[in-house]
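K.L.:
Given next are the chains, with one letter for each unit.
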Amino acid sequence: MRQDRSQISISTRGGGLYEFTDHVKAFVSHSGIADGLLTVFCRHTSCSLLVQENADPDVQTDLKAFFGKLVPEGMDWIVHTTEGPDDMPAHIKAALTQTALSIPVADGRMVLGTWQGIYLFEHRRAPHERKMVLHILGE
Amino acid sequence: MRQDRSQISISTRGGGLYEFTDHVKAFVSHSGIADGLLTVFCRHTSCSLLVQENADPDVQTDLKAFFGKLVPEGMDWIVHTTEGPDDMPAHIKAALTQTALSIPVADGRMVLGTWQGIYLFEHRRAPHERKMVLHILGE
Amino acid sequence: MRQDRSQISISTRGGGLYEFTDHVKAFVSHSGIADGLLTVFCRHTSCSLLVQENADPDVQTDLKAFFGKLVPEGMDWIVHTTEGPDDMPAHIKAALTQTALSIPVADGRMVLGTWQGIYLFEHRRAPHERKMVLHILGE
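Residue numbers (this note's numbering), protein chains in the order written: chain A, 263 to 401; chain X, 263 to 401; chain C, 263 to 401.
There could be a bad hint or two in this list.
One copy or two, either will do: identical chains are not told apart, so a pair holds if it fits within one copy or between any two.
SDA-like cross-link-like pairs, simulated, lysine to any residue; straight-line CA separation at most 20 Å [claimed, not checked]:
| # | residue 1 | residue 2 |
| --- | --- | --- |
| 1 | 326 | 341 |
| 2 | 287 | 335 |
| 3 | 326 | 339 |
| 4 | 326 | 279 |
| 5 | 393 | 368 |
| 6 | 393 | 281 |
Hints were generated in silico from the structure; no laboratory data involved.
Let the sequences and hints guide you as you build the complete structure.
P.N.:
In structure tokens:
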């Protein structure tokens, strides 16, 4: 039993979903671990992680739209406004989704379903450099 | 330190919660691993996972109702409509809940609280065969 | 490769976020495991876990307020009312957030980002004693 770890960086240009399944596949493959447990951890609190459908890009459009309607900018009761009108909504959207993903690995591949991809969900408007830690434990 | 892995299948007949705690208990027991980390991973993007109360079935009724009201069918701004009116709401409900569960195992048993059960949360109306991967790592 | 496990208890005094990052740091440090995977598991269904910003306490105020507005007490369609008006909303808020957190550990420290803290999110009004299991696997 052994482990491997890496940090990857994704450049975002505004809110929405950014697929990085291929980055994670490359990490799993490079680790040489065929069977085990993969963890993806997002080191930020205004973006988050999702496993979602990677077939029809409209799904990403609708996910972004839904969260924008559920947690709109300009809610007048918000206290934390110092970092801009999109900051507190970003924290709330992050709380409603995932900070970490756990995915078993079998025969050298993540056990993702046919239509599942791994996404960074950016909730801020301005460009950001987002860091995720990948970790795998197995043999 | 060693690991075990299995895939289980749950047949669903419409939206709602389906408890499968006993399937997971059987897997943990059969693995012979007394102490470690269990992962349950859902291989779909229109159903999801929850650890929730298993005492009063009304809790399940209310959870289904809440998510149905929060993400109703027929939202007129939805673009991804090709797979039916319940498909995009299903993806959104999945994004709001869990794709994977991580549960420590101690003395041969998951450390679930007294009232915690493991549920598949089906978000589609039609019957589906849902596949989950169980993985345990420990000794 | 080895593992360690511990149960910690947090006393809550009404709804809101309770940071316990230092408890988890102490557990990681005491385990002597420098590289691996940490899991925090919440043994309850009416409180939950979040990794969130620990810089400005206003973020916690706004998170509590948002979930209170999204899942208010007194929704007249609720069936599970036997444990009080704040119980079913608590289960729903728990379903919308996390039961478990997975955080890689590197060089003896969790790979949390600069502004990330670990929180128990209490959803009940009455004081509660909340139990979380900490587990670490690595070397």
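K.L.:
The structure should be examined with respect to each hint, and the outcome stated for every one.
P.N.:
Going down the list of hints, with the structure as the test:
no.: 1; hint: 326 / 341; result: between (24 Å within a copy, 12 Å between copies)
no.: 2; hint: 287 / 335; result: neither (35 Å within a copy, 35 Å between copies)
no.: 3; hint: 326 / 339; result: between (23 Å within a copy, 12 Å between copies)
no.: 4; hint: 326 / 279; result: within (7 Å within a copy, 26 Å between copies)
no.: 5; hint: 393 / 368; result: between (26 Å within a copy, 15 Å between copies)
no.: 6; hint: 393 / 281; result: within (14 Å within a copy, 23 Å between copies)
Hint 2 from the earlier list is the only one contradicted by this structure; the remaining hints agree with it.
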